[in-house]
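Engineer: Going down the list, the sequences are from chains A and F. Just so you know, the first sequence maps onto residues 1 to 72 in full-length UniProt numbering. Just so you know, the second sequence maps onto residues 1 to 218 in full-length UniProt numbering.
Since the hints were derived computationally from the structure, they do not count as laboratory data.
Heads up, incomplete: computed chain F residues facing chain A, CB under 8 Å, no partners named:
1. 18
2. 23
3. 30
Result set (SDA-like, lysine to any residue): computed pairs, CA atoms no more than 20 Å apart in a straight line:
4. 3/F - 64/A
5. 66/A - 205/F
6. 98/F - 34/F
7. 67/A - 213/F
8. 7/F - 58/A
9. 3/F - 53/A
10. 67/A - 56/A
11. 216/F - 65/A
12. 35/A - 45/A
13. 98/F - 35/F
14. 7/F - 54/A
15. 7/F - 52/A
16. 136/F - 57/F
17. 7/F - 60/A
18. 7/F - 44/A
19. 98/F - 36/F
20. 98/F - 87/F
21. 3/F - 55/A
22. 62/A - 214/F
Residues from chain A that keep clear of chain F, each with C-beta distances beyond 10 Å, as calculated:
23. 1
24. 2
25. 3
26. 4
27. 5
28. 6
29. 7
30. 8
Backbone N, C-alpha and C define an ideal beta-carbon position, used for all residues, glycine too.
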Amino acid sequence: MKKIAFTLLMLLTTLNIFAQENNVEMADAMRSDGKIYVVVAVILIILFGLLFYLFALDRRLKMLEKKSSAKN
Amino acid sequence: MSKNWWKILGAVLVIYTTVAGLLLGVPHLNILNETIRNLYFHVPMWFAMIVLFSISVFYSIKSLSSKSEIDDLRAVESINVGIVFGVLGLVTGAVWAKFTWGQYWSFDPKQNFAAISILLYFAYLVLRNAIDEEQKRAKISAIYNIFAFPMMVVLLFVLPRLQSSLHPGNGGNPGFNSYDLDSRMRAVFYPACLGWIIIGYWIYTIRFRIRSIENKQL
Numbered sequence: 001m002k003k004i005a006f007t008l009l010m011l012l013t014t015l016n017i018f019a020q021e022n023n024v025e026m027a028d029a030m031r032s033d034g035k036i037y038v039v040v041a042v043i044l045i046i047l048f049g050l051l052f053y054l055f056a057l058d059r060r061l062k063m064l065e066k067k068s069s070a071k072n
Numbered sequence: 001m002s003k004n005w006w007k008i009l010g011a012v013l014v015i016y017t018t019v020a021g022l023l024l025g026v027p028h029l030n031i032l033n034e035t036i037r038n039l040y041f042h043v044p045m046w047f048a049m050i051v052l053f054s055i056s057v058f059y060s061i062k063s064l065s066s067k068s069e070i071d072d073l074r075a076v077e078s079i080n081v082g083i084v085f086g087v088l089g090l091v092t093g094a095v096w097a098k099f100t101w102g103q104y105w106s107f108d109p110k111q112n113f114a115a116i117s118i119l120l121y122f123a124y125l126v127l128r129n130a131i132d133e134e135q136k137r138a139k140i141s142a143i144y145n146i147f148a149f150p151m152m153v154v155l156l157f158v159l160p161r162l163q164s165s166l167h168p169g170n171g172g173n174p175g176f177n178s179y180d181l182d183s184r185m186r187a188v189f190y191p192a193c194l195g196w197i198i199i200g201y202w203i204y205t206i207r208f209r210i211r212s213i214e215n216k217q218l
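Using the sequences and the hints, build the whole thing.
Structural biologist: Take a look at the structure:
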């Protein structure tokens with residue numbers, strides 16, 4: 001009886017070790033709290049702003065090109 | 001509008017990969033943890049840089065045979081934009097290294113050779129500014145560029161693999177090949193590369209158009 005109990009105890013401790021190996025730390029808490037969406041929103045605002053700016057620059061350059069080709 | 005479809009495609013791809021890159025599932029790996037997501041942002045910088053430098057070397061070869069100033073200007077401007085992407089790649093890599101390797105700059109072969117390849121292109125710009133005569137400048141800098149390009153490829157893809165580097169994908173370190181099996185990451189990584197390459201090409205066309213207007217007015 002003692003031997004079987006000991007074996008079971010050993011098995012349980014090794015199972016615990018196996019479980020720990022898969023326990024890689026990820027930002028799951030941040031995801032479940034929903035705060036990651038704040039970060040996504042902030043980055044999206046920056047990205048939208050920069051891309052819009054790039055489109056605006058492109059448009060302005062096109063007008064300049066038209067003016068420049070009309071002059072020459 | 002129809003001529004600008006690729007600019008919209010680039011913008012949509014970059015926005016999609018930013019959202020999906022932050023929210024979609026990734027493999028759980030030790031040491032890397034969530035920084036595995038840097039694959040979607042740091043690596044496309046290098047791809048964009050390499051594409052821009054390839055465009056540059058194409059126009060350098062072309063300018064040697066055509067002797068046209070336009071080809072020379074295209075070669076310079078694509079290097080100007082490529083350097084910006086390269087510096088962004090170096091800086092994002094250094095920040096990542098601080099939190100995974102412990103130091104911003106640990107003189108890892110991959111870091112050193114990447115820095116040297118950026119310096120090669122700084123030297124290109126210095127060389128250009130040192131020559132006043134335009135045709136001579138176009139010819140010498142085109143030849144320099146043709147030699148710098150294979151050097152950059154060797155520095156980034158060959159030499160770091162011959163030494164032990166900590167960079168993911170080198171030696172036994174988990175890298176692109178092991179993530180490649182993960183289709184979730186592939187669905188974000190490839191569009192991210194394409195998107196940033198398009199954005200880089202777009203900025204290059206803007207710079208080239210400004211340069212050619214300036215050139216006309218002189």
